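Sequences are here, hints too, so could you generate the full structure?
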Amino acid sequence: GGSKSQWQFCMKKYNILFVLICLPVPSAPPQLSIASTSPTDIRLMWHPLSSQHSRGAVTSYRIEYSSLDNVDTVFSVEVGGNETQFTLRELQPNQAYRLRIAAGTGVGFGVPSEWAQHQTLAHYNHTSHLMFAPTELKVRAQVSTLNITWQPSPNHTVVSGYKLSCREVDADVEKMTQTHLVRLRKKARYHLLTGLVPDHLYEVRVWAFNKQADGSAAVWKGRTEKATSSLPMRPPPLPPSSIQAAANSSTSIRLRWEKPRFSTVRIINYTVRCSPAGTTNASLVTYHTSAAQEILIGALKPFTRYELAVQSNGMDAVGPFSGTVEESTFADRPSSAPQELRLSTINSSSVLVSWRPPLEPNGVIVGYRILFSSNLSQPEHTWRNLSQDGSITNVEVRGLTSGTHYFFKLGASTEVGAGPYSLIKDIQTPPDQYELDIHAVTGIIVGVCLGLICMLLCMCFSFRNTKTR
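Counting with mature numbering (1 follows the signal peptide of the UniProt record, and there is no 0), you get residues -27 to -1, 1 to 442 for the letters of the sequence shown.
Hints in this document: simulated from the structure, not taken from any laboratory. Keep in mind that this is a model prediction, so the values were computed, not measured. Some clues are possibly wrong.
Unchecked claim - Straight-line distance between alpha carbons at most 20 Å, and here's what the computed DMTMM-like set of lysine to aspartate or glutamate pairs gives: (1) 160 to 333; (2) 382 to 353; (3) 398 to 369; (4) 274 to 299.
As the list claims (entries may be wrong) - Derived CB-CB ranges, DEER-like: (5) 298 to 79: 46 to 54 Å; (6) 403 to 312: 22 to 30 Å; (7) 308 to 403: 31 to 39 Å; (8) 298 to 49: 48 to 56 Å; (9) 298 to -4: 43 to 51 Å; (10) 266 to 57: 24 to 32 Å; (11) 391 to 23: 32 to 40 Å; (12) 131 to 308: 17 to 25 Å; (13) 359 to 308: 47 to 55 Å.
Note that the Cβ used here is the ideal one computed from N, Cα and C, for glycine as well.
In structure tokens, the structure reads:
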């Protein structure tokens, strides 16, 4: 907007044009998040401005960027007002860039965000092992909290979990203070940082990790909101009451609660804490936000008991968590096959099959099914099968053909249904080893002896007869 005299001039001389021309531009820039998914790309994400800050309909966003090696050459690109992300392409690998964004209405663009730095990825050779940065990192800044959400990395199958860091940044000298680091489980998509200082600049980074290495980080940089000094400090809201949890499926639990009684603080939303019962591992604790008095928590493990608690969030104050309630998810089919399938021959027509229960049974194992065949190319439904009780972990398979190559696989079942089969293992039954019949041998020997005796007697009689002549 212009000076006071310019405003008065418009009001007196151009009342009609005042609405069209003299409307103020946005009073604040969008909060910018940055991530890289390849050595030549930078992905930018931001939240739409609130009506209080936009001062009208946002019609476009202007993104400015330059390399740190050449800050005098600034590139600019504009995108539509309905966009919340944009990818800069054809950048230099392993190059540091600075970036900022401004929102614009029909009148013009507002103040841009502070310059944020980001370095593109270096060239890599093994893309299957590289962990990309999480996508759609978004942060809602309030007076003393940062509400952080993100989506999984593109190659999330190699990810063991996520790490989140937050540190205060001195805008003038880019001096970094102590870093707050949090480890989160693989399924985490949300985290709430509390106890921050109002109107301070913070940098938030989220990155994936596994046992071998850490991945690339998605970065957000922005300020917490200013505290309203004219208002007295509000007390924190009380926790909700009458919390009830009920399993909705094998991977979800529905949680309901009532607003806290006798609370004078206006509640904006609620935070739900969820963790496996009895866990001491902080990375297994997840947090979820709900504006309603219920939430359906998904991505849970089947047949697992969880502890849940709810926290009330005021405009600029966060209350304590309620007491915990416990609920178990329903059972499901096993998601893994029985382990350590072993085969050993007993004799030419019998094989001993042994195994260990599945690593992820997802319920009580009620039975095992053994499939076996001497022809690997036959369809599965034609294989011979043998069923066993869920308490048994070995069985003797009889009636096999000697000297034959057999193929075995094994699956487990809960009351819900059957899980996947194990990998196929094979074994060769030994050929028959014929045993001599003692009675037959004795008969043969006696017969041969009698035959020899008869021959000798005949020879003797023949010799005597010859002498007599």
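Residue 312 and residue 403 - C-beta distance against the hinted 22 to 30 Å = For residue 312 against residue 403, whose Cβ atoms are near 27 Å apart, the range 22 to 30 Å holds.
Would you check the hint for residue 274 and residue 299, treating anything up to 20 Å between C-alpha atoms as holding?
-> Holds. Residue 274 to residue 299 sits at ~14 Å (cutoff 20 Å).
Range hint 47 to 55 Å (beta carbons of residue 359 and residue 308) holds or violated = About 23 Å separates the Cβ atoms of residue 359 and residue 308, which means 47 to 55 Å is violated.
Residue 298 paired with residue -4, Cβ distance criterion 43 to 51 Å = 49 Å, holds
Could you check the hint for me, namely that residue 298 and residue 79 are 46 to 54 Å apart, CB to CB?
-> 52 Å, holds
Within 20 Å, alpha carbon to alpha carbon, are residue 160 and residue 333?
-> 17 Å, holds
Lying within 24 to 32 Å: is that true of the beta-carbon distance residue 266 to residue 57?
-> 28 Å, holds
Distance restraint evaluation - residue 308, residue 403, Cβ atoms, bounds 31 to 39 Å = 37 Å, holds
Starting from the hint 32 to 40 Å, judge whether the C-beta atoms of residue 391 and residue 23 obey it.
-> Violated, since residue 391 and residue 23 (Cβ atoms, about 52 Å apart) do not stay within the stated range.
Between residue 131 and residue 308, is the Cβ distance one that fits in 17 to 25 Å?
-> 19 Å, holds
Take a quick look at whether residue 382 and residue 353 sit within 20 Å of each other, Cα to Cα.
-> Holds, at roughly 10 Å.
Given pair status - residue 369, residue 398, alpha carbons within 20 Å = Roughly 16 Å separates the two Cα atoms, so the pair holds.
Hints 11 and 13 from the earlier list are contradicted by this structure; the remaining hints agree with it.
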